[in-house]
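From just these sequences and the hints, can you work out the full model?
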Amino acid sequence: MNAIEVRNLSKSFGDVKAVDNISFSVKKGEFFGLLGPNGAGKTTTINMLTGLLEKDSGEISILGKNPDEDWEYVKNRMNVSTAYFPISDVLTVRQALNVYSRIFGVKDCKRKISELLLKFELTHLQNRRIILLSSGERTRVAIAKGLLNDPEVLFLDECTVGLDPDIAEKTRTLMREYQKETGSTIFFTSHYMFEVEMLCGRIGFMMNGKLVKVDTSQNLKKIIRKTNVEMVVKEGKAGLLRDFLLEEDVDVMFMEDNRVAFEVASSGDRIYKLMNKIFARGFKLSDLHIKRPTLDDIFITLARRK
Amino acid sequence: MKLHRVFGLLLKHYYTTTNKADRLFDMFYWPAIDLFVWGFASVYISQISDYNLLSMILGGIILWIFVWRGSQDIAVYMLEDFWSKNLYHLFSSPVKLSEHLLSVILFAFFRSIISGVAMGVLAYIMYSFNILSIPIAVAGISVFLLSLFGWIMGLFVAGLILRYGQRIQVLGWSTVWVVQPFSCVFYPLSALPAWAKSIAVWLPTTYVFENMRAALAGSAVDYGVYFLSFLVSLALLGVMLIFVYRSFLRARKTGLLARGD
Numbered sequence: 001m002n003a004i005e006v007r008n009l010s011k012s013f014g015d016v017k018a019v020d021n022i023s024f025s026v027k028k029g030e031f032f033g034l035l036g037p038n039g040a041g042k043t044t045t046i047n048m049l050t051g052l053l054e055k056d057s058g059e060i061s062i063l064g065k066n067p068d069e070d071w072e073y074v075k076n077r078m079n080v081s082t083a084y085f086p087i088s089d090v091l092t093v094r095q096a097l098n099v100y101s102r103i104f105g106v107k108d109c110k111r112k113i114s115e116l117l118l119k120f121e122l123t124h125l126q127n128r129r130i131i132l133l134s135s136g137e138r139t140r141v142a143i144a145k146g147l148l149n150d151p152e153v154l155f156l157d158e159c160t161v162g163l164d165p166d167i168a169e170k171t172r173t174l175m176r177e178y179q180k181e182t183g184s185t186i187f188f189t190s191h192y193m194f195e196v197e198m199l200c201g202r203i204g205f206m207m208n209g210k211l212v213k214v215d216t217s218q219n220l221k222k223i224i225r226k227t228n229v230e231m232v233v234k235e236g237k238a239g240l241l242r243d244f245l246l247e248e249d250v251d252v253m254f255m256e257d258n259r260v261a262f263e264v265a266s267s268g269d270r271i272y273k274l275m276n277k278i279f280a281r282g283f284k285l286s287d288l289h290i291k292r293p294t295l296d297d298i299f300i301t302l303a304r305r306k
Numbered sequence: 307m308k309l310h311r312v313f314g315l316l317l318k319h320y321y322t323t324t325n326k327a328d329r330l331f332d333m334f335y336w337p338a339i340d341l342f343v344w345g346f347a348s349v350y351i352s353q354i355s356d357y358n359l360l361s362m363i364l365g366g367i368i369l370w371i372f373v374w375r376g377s378q379d380i381a382v383y384m385l386e387d388f389w390s391k392n393l394y395h396l397f398s399s400p401v402k403l404s405e406h407l408l409s410v411i412l413f414a415f416f417r418s419i420i421s422g423v424a425m426g427v428l429a430y431i432m433y434s435f436n437i438l439s440i441p442i443a444v445a446g447i448s449v450f451l452l453s454l455f456g457w458i459m460g461l462f463v464a465g466l467i468l469r470y471g472q473r474i475q476v477l478g479w480s481t482v483w484v485v486q487p488f489s490c491v492f493y494p495l496s497a498l499p500a501w502a503k504s505i506a507v508w509l510p511t512t513y514v515f516e517n518m519r520a521a522l523a524g525s526a527v528d529y530g531v532y533f534l535s536f537l538v539s540l541a542l543l544g545v546m547l548i549f550v551y552r553s554f555l556r557a558r559k560t561g562l563l564a565r566g567d
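As you go down the protein sequences, you meet chains A and B in turn.
Note that the working numbering has the first sequence beginning at 1, numbered continuously upward.
Note that the working numbering has the second sequence beginning at 307, numbered continuously upward.
Calculated directly from the structure, the hints in this document are not laboratory data.
Since we're looking at a predicted model, the values are computed, not measured.
Incorrect hints may appear among the rest.
[Said to hold, decoys possible] Restraint-style ranges between C-beta atoms, simulated for each label pair: (1) B:His310 x A:Phe13: 34 to 42 Å; (2) A:Asn127 x B:Ala502: 17 to 25 Å; (3) B:His310 x A:Thr173: 26 to 34 Å; (4) A:Glu121 x B:Phe313: 42 to 50 Å; (5) B:Ile442 x A:Lys107: 41 to 49 Å; (6) A:Gly39 x B:Phe533: 41 to 49 Å; (7) B:Leu330 x A:Glu72: 51 to 59 Å; (8) B:Ser496 x A:Asn127: 25 to 33 Å.
Built from N, CA and C at the ideal position, the CB exists for glycine as well.
See the structure below:
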């Protein structure tokens, strides 16, 4: 069963189509990432999925239920964390978590809160007002709140924004562990392509309200058919290498001193065969850099195509 | 409606009150200032004339707290969720609008009871005025009807806030005072000019204060108008609940609920 099912979902604000007829599904237990530039429609999509925003048209199903009809069933089994809205400016960390644990009807909420405080390294901050925390600490509170009810579906909207690298890494690890332990579905949006690639099984790209692509990161990388290779050639043979590459029908990007850069097809074993031939010809290298396409490249390519 | 969610929301209001000086201040400071100013003025008037206004004025001040707190607290605790961008978290959780409204109404009532009792004690200490000199039935019915009217006013402002957001937040503090001059809190209905009287006769609060003065003067209390006031209040409450609900749906449609601005 799909945990999230979206069909022909649309939302406009005046003349602006924030979300334009998108459809996708997220399997139960999947870590799904939604990428897109600012204003692409990611947050509008999450807001509709979490019931904060009314859709104009389309259908949403979460855990097999229509949230408009079975909101209590759905909302008791989901949660949302965002870096953009602190839980409260006025409450302390423990107070805020206490309030939401009551709202979600968490059993043994004292123990649960203490566990989460420990997990997110917030124990020493538990009696501090949220407004006095750093943005990274606030985000950790928001994620802790997101896990209070052990949600089956967790929405994480840009939740690692503003975190220190070590805490961000720890958060990613916790998310991954949580997902593995509980088999929960995580719907994740981020600006950081590497973490989406690292965490998410499948990724959706949004542009101007449209979902332009949904696939695994491996398949998405096939959109860019070329791999960039840059090498530094010994013994002043850069010119010879360039001539050899041209014979092999390779696009040479530039040659400068001993440095040669070229593009080669990413698919199949083309790159390995070419490298073998280069070594067989007796070229010696002092440096080699192979740059596989990243999600950033795909993102830029898709944005340009658009 | 689930009680554990209402309890969670009540807990949130309680923490907000104890953590924020503003919310403690408005429970005691302004009513106390009213009590001092009007109390001293009444004492002075009774010294220079035969009129003893003190009990009428103090009774009016203490009972008005129930309208004031009811109205302002519903609006302000709704605004608190806007200020702290908490609507996003609240309404993506299983919290229903009805649970949120019930929690602010209950909390406003608790606060008005505390405020009313504190002012009652202060009035006794300062002016030897015993609020219990109002018959218990009259006091009880008055507190109930005035609170009900306060909630109606508060729901009206809450509905406006859900429609227009924080830019109209000033209404949270000011709206209730529009009805005070017409509610005959400190003077009888007969004291009003004709145009004001035509407004006052439609307000349930007018009859509550008229009866309070009658009770303090030892005259007969007209219980029939209480019933009429209750019916009018009930109808207004129904209208306001529909208004708030429609405003909430509109906030979901426009995105105000998600943005909280």
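Hint check:
no., hint, in the structure
1, B:His310 x A:Phe13: 34 to 42 Å, "35 Å, holds"
2, A:Asn127 x B:Ala502: 17 to 25 Å, "52 Å, violated"
3, B:His310 x A:Thr173: 26 to 34 Å, "32 Å, holds"
4, A:Glu121 x B:Phe313: 42 to 50 Å, "29 Å, violated"
5, B:Ile442 x A:Lys107: 41 to 49 Å, "43 Å, holds"
6, A:Gly39 x B:Phe533: 41 to 49 Å, "57 Å, violated"
7, B:Leu330 x A:Glu72: 51 to 59 Å, "35 Å, violated"
8, B:Ser496 x A:Asn127: 25 to 33 Å, "57 Å, violated"
Hint violations for this structure: numbers 2, 4, 6, 7, 8, all remaining hints satisfied.
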